[in-house]
Structure formats: C-alpha cells, structure tokens
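Let the hints inform the model, and build the full structure from the sequences given.
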Amino acid sequence: MTDTKVLKLNGLSKRFGPVVANDDVSLSLNRGEVLALLGENGAGKTTLMNMLFGHYLPDAGSVEVADTQGSLQALQLGHPQAALAAGVGMVHQHFALAENINALDNITLGSEPMLSLRRNRQAARAKVEELMARSGLTAPLDVPVGRLSVGERQRVEILKALYRDARILVLDEPTAVLTPQEADTLFASIKAMTKDGLSVIFISHKLREVLAFSDRIAVLRHGKKVGEMPTSDADENMIATLMVGAETPKVTRQAATPGTPLFSLKNVSVSGRSKRDTLNDVSVTVHANEILGIAGVSGNGQTGFANLVSGLAVPSNGTLHVHGEQIAHPTPAAMIEAGIGRIPEDRHHEGIVGAMSVAENMVIERLHDPEVQSRGLMRREAIQANAERLARSYDVRGPGTDAPARLLSGGNIQKLILARVFERSPRVILANQPTRGLDMGAAAEVGRRLLEARNRGAGVILISEDLDEVLGLADRIMVIRDGALIEAPNRNRTQVGLMMAGEPA
Amino acid sequence: MIRIEPRENPSRAFALGIPVLSALIALALAAIPLLAAGANPIAAYGQMLKGVFGSVFAISEMLTRATPLIFTGLAAALAFRAKLWNIGAEGQLYLGAMAAVAVGSGLLDISGVLLVPLVIVMGAAAGAAGMVAPTYLKVRFGADEVVTTLLLNFIILIFLQMMLEGPLQDPMSLGWPQSAPILDQGVLPPLMDRMRVHSGLIIGLVLAAAAQFMLVRSVWGFKLRAVGENAPAARHAGINVNRSLFGVAAISGALAGLAGVSEVAGLKGYLTTDLSPGFGYTGIVVAMLAGLSPAGVVIAALFIASVFVGADSMSRAMGVSSFLADLVVSMSLLCVLIGGFLAKFRIERTGRRGAKA
Amino acid sequence: MMDLFNILVTESFWAASLRIASPLIFGVLGALICERAGVLNLGIEGIFVVGAMCGWMAVWLGAGLWGGVLVAALAGGLFGLLHAFLTVPLGLSQHVSGLGITLFATSVSYFTYRTALPNVSSPPRIEPFQPMDVPILSDLPFLGPVLFQQTALTWLALLMVALVWYVMDRTALGVALKAVGDNPDSVDAQGLSVYALRIWAIVAGSAMMALGGAFLTMSAFDAFFFGMVNGRGWVCIALVIFASWRPGKALLGALLFGAFDALQVRLQTEMGALVPGQVFLMAPYILSIVALVIAARSADYPRALLTPWFKGQR
Numbered sequence: 001m002t003d004t005k006v007l008k009l010n011g012l013s014k015r016f017g018p019v020v021a022n023d024d025v026s027l028s029l030n031r032g033e034v035l036a037l038l039g040e041n042g043a044g045k046t047t048l049m050n051m052l053f054g055h056y057l058p059d060a061g062s063v064e065v066a067d068t069q070g071s072l073q074a075l076q077l078g079h080p081q082a083a084l085a086a087g088v089g090m091v092h093q094h095f096a097l098a099e100n101i102n103a104l105d106n107i108t109l110g111s112e113p114m115l116s117l118r119r120n121r122q123a124a125r126a127k128v129e130e131l132m133a134r135s136g137l138t139a140p141l142d143v144p145v146g147r148l149s150v151g152e153r154q155r156v157e158i159l160k161a162l163y164r165d166a167r168i169l170v171l172d173e174p175t176a177v178l179t180p181q182e183a184d185t186l187f188a189s190i191k192a193m194t195k196d197g198l199s200v201i202f203i204s205h206k207l208r209e210v211l212a213f214s215d216r217i218a219v220l221r222h223g224k225k226v227g228e229m230p231t232s233d234a235d236e237n238m239i240a241t242l243m244v245g246a247e248t249p250k251v252t253r254q255a256a257t258p259g260t261p262l263f264s265l266k267n268v269s270v271s272g273r274s275k276r277d278t279l280n281d282v283s284v285t286v287h288a289n290e291i292l293g294i295a296g297v298s299g300n301g302q303t304g305f306a307n308l309v310s311g312l313a314v315p316s317n318g319t320l321h322v323h324g325e326q327i328a329h330p331t332p333a334a335m336i337e338a339g340i341g342r343i344p345e346d347r348h349h350e351g352i353v354g355a356m357s358v359a360e361n362m363v364i365e366r367l368h369d370p371e372v373q374s375r376g377l378m379r380r381e382a383i384q385a386n387a388e389r390l391a392r393s394y395d396v397r398g399p400g401t402d403a404p405a406r407l408l409s410g411g412n413i414q415k416l417i418l419a420r421v422f423e424r425s426p427r428v429i430l431a432n433q434p435t436r437g438l439d440m441g442a443a444a445e446v447g448r449r450l451l452e453a454r455n456r457g458a459g460v461i462l463i464s465e466d467l468d469e470v471l472g473l474a475d476r477i478m479v480i481r482d483g484a485l486i487e488a489p490n491r492n493r494t495q496v497g498l499m500m501a502g503e504p505a
Numbered sequence: 001m002i003r004i005e006p007r008e009n010p011s012r013a014f015a016l017g018i019p020v021l022s023a024l025i026a027l028a029l030a031a032i033p034l035l036a037a038g039a040n041p042i043a044a045y046g047q048m049l050k051g052v053f054g055s056v057f058a059i060s061e062m063l064t065r066a067t068p069l070i071f072t073g074l075a076a077a078l079a080f081r082a083k084l085w086n087i088g089a090e091g092q093l094y095l096g097a098m099a100a101v102a103v104g105s106g107l108l109d110i111s112g113v114l115l116v117p118l119v120i121v122m123g124a125a126a127g128a129a130g131m132v133a134p135t136y137l138k139v140r141f142g143a144d145e146v147v148t149t150l151l152l153n154f155i156i157l158i159f160l161q162m163m164l165e166g167p168l169q170d171p172m173s174l175g176w177p178q179s180a181p182i183l184d185q186g187v188l189p190p191l192m193d194r195m196r197v198h199s200g201l202i203i204g205l206v207l208a209a210a211a212q213f214m215l216v217r218s219v220w221g222f223k224l225r226a227v228g229e230n231a232p233a234a235r236h237a238g239i240n241v242n243r244s245l246f247g248v249a250a251i252s253g254a255l256a257g258l259a260g261v262s263e264v265a266g267l268k269g270y271l272t273t274d275l276s277p278g279f280g281y282t283g284i285v286v287a288m289l290a291g292l293s294p295a296g297v298v299i300a301a302l303f304i305a306s307v308f309v310g311a312d313s314m315s316r317a318m319g320v321s322s323f324l325a326d327l328v329v330s331m332s333l334l335c336v337l338i339g340g341f342l343a344k345f346r347i348e349r350t351g352r353r354g355a356k357a
Numbered sequence: 001m002m003d004l005f006n007i008l009v010t011e012s013f014w015a016a017s018l019r020i021a022s023p024l025i026f027g028v029l030g031a032l033i034c035e036r037a038g039v040l041n042l043g044i045e046g047i048f049v050v051g052a053m054c055g056w057m058a059v060w061l062g063a064g065l066w067g068g069v070l071v072a073a074l075a076g077g078l079f080g081l082l083h084a085f086l087t088v089p090l091g092l093s094q095h096v097s098g099l100g101i102t103l104f105a106t107s108v109s110y111f112t113y114r115t116a117l118p119n120v121s122s123p124p125r126i127e128p129f130q131p132m133d134v135p136i137l138s139d140l141p142f143l144g145p146v147l148f149q150q151t152a153l154t155w156l157a158l159l160m161v162a163l164v165w166y167v168m169d170r171t172a173l174g175v176a177l178k179a180v181g182d183n184p185d186s187v188d189a190q191g192l193s194v195y196a197l198r199i200w201a202i203v204a205g206s207a208m209m210a211l212g213g214a215f216l217t218m219s220a221f222d223a224f225f226f227g228m229v230n231g232r233g234w235v236c237i238a239l240v241i242f243a244s245w246r247p248g249k250a251l252l253g254a255l256l257f258g259a260f261d262a263l264q265v266r267l268q269t270e271m272g273a274l275v276p277g278q279v280f281l282m283a284p285y286i287l288s289i290v291a292l293v294i295a296a297r298s299a300d301y302p303r304a305l306l307t308p309w310f311k312g313q314r
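Residue numbers (the UniProt record's numbering), protein chains in the order written: chain A, 1 to 505; chain B, 1 to 357; chain C, 1 to 314.
None of the hints are false.
Only pairs whose alpha carbons sit at most 25 Å apart, straight line, appear in this in silico DMTMM-like list of lysine to aspartate or glutamate:
(1) A:Lys266 to A:Glu487
(2) C:Lys311 to A:Glu99
(3) A:Lys206 to A:Glu228
(4) C:Lys249 to A:Glu99
(5) C:Lys311 to A:Glu173
(6) C:Lys311 to A:Asp23
(7) A:Lys266 to A:Asp475
(8) C:Lys311 to B:Glu229
(9) B:Lys83 to A:Asp346
(10) C:Lys249 to A:Asp142
(11) C:Lys311 to A:Asp59
(12) C:Lys311 to A:Asp24
(13) B:Lys268 to B:Asp109
(14) C:Lys311 to A:Glu64
(15) B:Lys344 to A:Asp59
Facing chain C, according to a computed beta carbon distance under 10 Å, are these residues of chain A, among others:
(16) Leu84
(17) His92
(18) Thr108
(19) Ser111
(20) Glu112
(21) Pro113
(22) Leu115
(23) Arg118
Because the hints were derived from the structure by calculation, they are not lab data. Positions of the beta carbon are idealized from the N, C-alpha and C atoms, including for glycine.
Here it is in structure tokens:
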C-alpha cells in the first residue's frame, strides 16, 4: 500500500529572469507518506511547490497526480483550479485567508456557484464539522478570520484543503508561527490523517522536526535535488551538509561576564492596536557584554518591544533609560542619537528605501552628520567613498553602490543594514529577527557580528522566533508572551518552549 | 498565456523616451476625434503647428500658457514625490490669486517697490495654507488628502464667488463679479513689447531649477524622496516624516498659489471666476509627463501649452471644438501611465511546453 | 429655530432630500463595489459626466428614457473597463489612473457634445422621467409625497441599495468580492480569478456611477450642461468612507447629504438677506470633509485597497 505513487514531478525547471529557481527536479510521493522537502532559503522549495499548485508555470517538465482510482494522470499546469480538482491542497507560509469573512466562507470560497442568488450553507457546514471531528483540527467557523489566533488560522488553512477533498497536502513551513508544543500537536494530527490515506509534503528548514516526523527526505540546493533518502537513514549532520554543500559554519559562543547596565525599561507599557504591538508592564535591563535573547511565538508583543526600542512607539507609562539617562520622548532620531543600533524585523519594509541607492541607504540614519552633509547639501563624494568602504568591509555584493537598494538580494540587504548599524559602534543593539529568510552562511555571519559586538562591550537584544537561534547566541533568555517578558530560569529547550506556550515552567 | 516580468534595470534612455513617445502617441490619437468631427487630420495638425510656432506672437502665447502650468506642474510633482496627493492645485491657485488682488489692488497703502514682492509672498502663503490644512487633516485624523483637496477646490471656488461679489468686488465693475485691477506697481512686467508673455515665466523657470537642485542634492530633497518611496523606513531611520510632509505641502501649495499670482498679476490684471481653465488639474498631467522631475516639468508644460494654443487656433480656423485639447491632454496622461508600465515591466508570451502533451 | 423646525416637517423638504440623494446613492454604491474589490475609482467624477451626457444624448436621439439609462450604464462600464485594465492587470497607480479617467471621460463627453451640437445657444431639452403617481400610496399623508411621487430612477436607486446589500451579504459572489478586496491570495488559492473579479467589479461599479450621472440629465434636469456634475463624484468618494463600505450606511450617508443640501437651499431663501448665499452652497462640501474626518480614523478600509496584485508573485 505504501508504495502506491500518488504524485510524480518529472524534470520541473523554472527560471526567473537570469535566476534558475528550479533545475530539472523530479520527485515522487507515495500514498500515506510524509515527505519532507528540505533546503536553505532560496533553494527553490517554495517555487517547486508553487509549480505543483499552478501558481507558476514551469519552463519545462510535467506533473502527474493519481486520480481517485489511483492511476496517474497528467496535471494541467499553471492552473490552481486544476490542482485543486486533482486533489492537491496547499497551505502557504503566508496564510491565504481573507480576514473580513468568516472561516466557513474562507473554506468554501470558490466551491460554490458564483452567480447563484442563494446559498446552501447547511451542507457545507456539516461537511466542515465532520472534517474537524475527523482530523482533530478545530476552529470557530462564524467569526471573521481576522479575530482568530495564528494557530486557528493555520487549522482553517488545512481545513480549506481537506474540504476540497485534498489527497495530497503541501505544507509550506507550517511550524514557523507555532510553539514547539503546538507544532507537535499539528504533526500528530497529520500523522493520524496519513493513516486515512492522506499524503503530505512539508517544506521546512528545521532539521529537528524533519527527522522526527517525516518518512522520507528530499533535499534541494540551488534549485537542484541533491539528495533523497528514507528518514531512518538520515542524521542531522548529513542533511545539513547536503543543504549547504559543505560543513555548516558553526557560531560558537564563549561565556562572558556582563558589565554595567546600558539600557533599561521600568514597568513600561505600550498600548498598541493589536496583541503584536502591545506591551504590559515590562521591566528589563541589558548590560554591557551581554546578549539578551527574547524568545516567543510571533505576535506576542515582539513588534511592540522592537517599536519601543526603535523609538517608534511611545510608552503609555513607565520609564526608559539609556546609559542611565532617561529618554522622556523617544523617537527614532533620539534613539539613534543615544547610541542604539537597530536592525528591523522587516528589512524590505523598514530597513531600506528600495528606490534609493545603496550609498544613500548607508547614510540614511546620519543625515545631520557633517561627514554626510554640509550646509544642507549632501556631500556626494564622501557618501560614495563611505559606501564603497562599507561595501568592502561588510561584503555587500550587488550591482554597485549607485544601484537602487531593492536590486540587492535579501542577504545583501541585511549586510547593508548591518554595515550601517555596526559602523557607528552602537553601545546597544536591537536585532529583531535578524536571520529570518537568510541562508545558513549569511545567518552565521549575522550571528558572528552580534557576538563580536557583544565582545567589544555592547549590549545586544536579540528577538527571534527561532528558539534554537536564541539558545545558540544568547547569554540570558527571556520569553515574551501576551506582551509580558518573563525571565527563563534555565536554557532547557523544553522548558522555554512551555513558557512560550504560556504554561508554567 | 501572457506573463509580466519586471525589468532588471530599466535603461535611462527608455525612461526619457517614454514620456516623449506617449505625448506623440496621444497627439496622433487625436486624429480619431478629428475625423469624427469631420476635419482633415493632416490639415488640422498643420494648423496647430502654425498656431504655436507660426509667429513670434504665437510663441509668446504658448509661453504665456505654459507659465501657470510650470507652477502647477511643480506643485504636483513635488507633492507626488512625497506621495502626498495634492489634487487641490486648482483651489490653491485661486487662493493665491485672491491674496494677490487683496494686497495688490490698492486695498493696502504700500510703496511701489515693495508691492511686487509682497504680492508674490502673500499669494504663495495663501496657496501654502490651502495645502497645509488638508495635510493636517491627513496627519491628525487620517482623512485622505485626495478627497479633501478635491472638495476644497469646490469650496474655494464658491468662496471666490463670495469674495468677488463682496469685499473684493471692483466698485467700478457695474455688478460684475470681478476684482479691482492690480496696481501698476504690483504687476509682473511683460518680457516683450506688445506681447503677453510676462516675467512670471522667469520666476517659474528659476523655481523649477531650484526645485531640481534641491530635490537631487539637498538633505531636504533626500528626506522628501525617502518619505515618498518608503515612509516606514524613513521614519525608522529617524526622519521626521510629518515634518517632511508639512514642508512639502507648504511648498506645493505655495507653488500652486504662485500660478494664481502669475496669472492675475502677470496676465489678466484682475481676478474673475474663470481665471483658470483647470490649470490645477492639468498640472497633474504635466507632472506625470515629466516623470515627477522638476526639470521635466518645464518641458512637459511647454508641450501641453502647445497643445492648448495649437488646438485653440486650429479650432478657430477649422471649427473643431477646442475641447480637443483637453482630450489630447487626458490621453497623454493615460499613455504615459501605460508607457511607464512598459518601462518597468516586460510582457512575455510564455510557450506552453509540457501542457502540449 | 422655529423656522428650522418648520422646514424639517414639510413633505417637500424630505421629497427634495431623497431627490438630491438619488444620484449620490448610485455614485456611493458604485464606489463601494469598486473599493470592496480593492480598487479606488477616482474616475467617478468623469464617469458621472459620461453617464449624464450619454443618457441625455441617447434620449435626444430617440432611444427612449430606459434606452438612455442603458446607454449611460454601458458607457460608464466602458470607461470602467479602461480603469480596470490600467489598475488590475497592469497594476498602475489607482490614484493617477482614476484622475486620468476623469479627465478623459470629461473631455470625451464635452467634445462629443460640442461636436454634435456646435452652435446652440440654449441646451436642447428632453422629456425627462416624471414623478410616478402610485395609486392610493401617493395619497398617503407625508409618506405619499415623499416616497411615492419620485421618478422611476429614484426607485431604481433604492432598489440598487437592496440589490447590492443582498449580493454582498447573501451570495457567494459577494463573499468573493469582499475577500478579493481584503486578501487577493485567498481568492487565488481557491482557484478563483482575482483579475476577473476585480475587473467585473470595476465595470459594474462604473456602470452604477454612470446611472448617477444619468439621473442628473434625465430626472433632476432635462438637459446637459458643462460643469453640471460639480463635484458630486468626489462627494461620493468621501461618503463611501463615511459609510464604512456598507450599502445600508451608504444610503444613510447619501440621504443625510441630500437632507443637508435641501436644508441649505431652504435656509438660503429664508436667511439670504443676512448671510451671503455662497455660505450655504459651500456647506455640503464642508459637510463631506467633516464626515470624512470623523470617519477616517475608525474606518475599516478594505485591506487590499490601492495594492495591485500580480499573478504568480506571492
């Protein structure tokens, strides 16, 4: 039974301009199997699945999907509708949910006749309720999706696929937004459904969960399939080597003794518009020679905390001190002035002005520096020289310092921001999700730079949803949950995970 | 199957060529309405050309028409650069004109030398106020400035009628809604004898050059561009976004106000409710044709003015409605939009390999 | 104060309010449909002009009143299609495209009118829609004159409110429209076409806007004048924010506006000696800005409004 093929990808290739995203990739999936598709960011995992689902049209290759009788049929490419009809369901990393309509409507969207003046919701509701009971994935059906939690939204996404009678389910980084415990529950549900014949491909770069939950592993690198094996034959080192193509660069942290307090919050609250940018009575001190790691499930106030340190949010009460001096009216400019270097979470949206040049983006935080301007006019030669120097020492690669910053790759944009921030030798550094979306080499480089800064005496605040990253880099760990910060008593992975989920440690 | 792919790095020649090509295509498309109106398009184009470049007088008329368009074009270009949608240049123009006649027509007793600068400063200030107010509503209450500036145009026009039937009415006008004339000392002097082209044009050209320089070279221009291209990133980097917005709002409004000053103190001499045949709205087209570059505004304003003057003269000679000019202007806006798209993206036909089997 | 009260209880005042509100109802509904699908349509002012001109001209050429309504809707839809082409598959700036449509639609209408009627001193008139006398109901006290002596186009406007409400709230199409304006990916992932939904929404919304224009030449007046739309389109753009993109509130907003406009006309005649008439003329526009300022902060904008979406770029 397990060797019945339900899906075959034959030699799929896809180019975006000069970039080869997928090069002659073939894969197959058996009935009831969980296949993990592994690879670094940019290895082509998501592109491959988007071709399967019809979002992208491949330049070459074909896809075959088993019909209900079990015989393989060619899939019409480039049409999500064809993929849906063939029983392929996809759960995207960024949820494809409309927040202004309820879960039931999101689930049934597109499966009702559009021009009918009447709707029969009874049958649809019954079917969804039956699916919820069978899969163990439940969510409120009558509330606008905007009011559901991230975990509930993800369940709605999976129910959407199951409602369309998906026999093959593709999950793109399903655990990125979940606590370790939530992730375990999700995988248990998936395992149970595979018993009923569901076949699953899940995309991940987390080696641990891949080893724990998959039956088989396929690894992509630079758009090519570089390895495929039963999970029982794989180990962490071997997969990592396959993914990166060489030994994984390891960043090792040596213990350090924290110095004087550099940055402190006393009973600070921030009233935001949602849970993600709200803080409740937070007190914390960051010392010299210290990396403070803030772990937590996304949307628990990380944005609020980062906004506060960046000067974008004004505390509704409490005090904020930098180097012992109170900052009464925090603004981004005041924070920069006080010597805080900030690496924003969304580097495209907050980090750079994409239409302006690399050189201009490198001086955007110091427009009043006489080195950059004199009498209100930009000093172009100095700015150019500065850019070339920084590009060299931080290895920012791209079409040149005159080119618009948006033409840089994600990793090089992050290097640009690092260059801008570290160049000023800030005493306090806020790094919000600094390695998100970077490949392993670039991520290791970010980690190395943060440790370097800490070793020369800076205090670093590292906010990350990747618990392993926090455990690897931080000297001290706090957990953020519902806008509150709690000190972790130890570095035990399970215990910190439980704290993230809101259970007593 | 058609696919849209972004161009890696659109070439400079392409960026410069697109507006020129769009303008020419729009002009060519005018053949359709010309034919519909029963005119011979070739003859009509000939008439238009003659009407614009046929004589020194014609050229002077074209430059006269271009003058307010340079001001309103700059007003739109600078504001749009900061993604501040000032659609209210028409109203701000009238605010500037009202301020100009209020101080320039002898209501206040001011010595001659000072009158011209005073008229200019007051007109600019009135226009600036007309844009700062909706910017405040945007920043403070989140009220969309597109809608507020559009509605303000109507409010200001009604206010103008009220003023021209009230405090600003010329006592000698026999009840016509018309202001008293600007005193001779307050008039922007003409540039040529017996021609209408006046020194407002010089002011416009100087301001365009200054705006171009400031936008590209100054810290102020750097901030403005950063705010327009990515306001959250600009704010994160310590730029005071609201201050930048208010600054550009004031300058944009002032430029539109100067269009009114220039028309009333340079050309007409007095103020009526039909001072502007939509210069404010046309300024938006000028700015878009110019790719929001101040230097480009000058060229675009000359082109649009040529269309208007040429169409007017063609209309008189051939009896085709002069609304043809508005038609060409609006079509050139749509053409430059599409052209801008083609400069940024390639449209690819994708073969359907794999699906053939 | 007594005067104001006297005005507010007269039948003619409320009948006038509904009459003034009618074109705005069409306009707000049209803008609502477009924006619910995620596209701002600033072409509205020009599409009003097109509707007014085409509707009138069709009747003038002998198409009959309902023929004129149809022609107006089709012409509006056509300009909507142009806006849709520019903003949906091409993803161009909705602001600039909309303003371009307004300039284009206005100049096409004016040019056509001028070319068809080169030398007329006073605009030719048509026989417009007449108030419908509904037996018995028209004789009801108060309600009779207010509701049942309106023209068929006012009734059409009220019918459209109900229709749009029903479609938005009770049909699969409405759900899909709301979804495409909130998160186009949600629609795409379920195999529906984002482009088709948005394009048809803009075409339908623009046709609706054109009916607002047609009301002006075929019900409120009996001829076409230059400048007759006079900012009504922009008022609708403000009202749709005030209405939080809900048809019921859109009707309420249009009626409030109509009542205010009717009131200012009456106050003008009563108090004209004390205050210049223009103060009253300005009031409706000021009211629109005030409504916008009040509603803007709390407004629940369709999340995908103004954001273009391209297929295959997730």
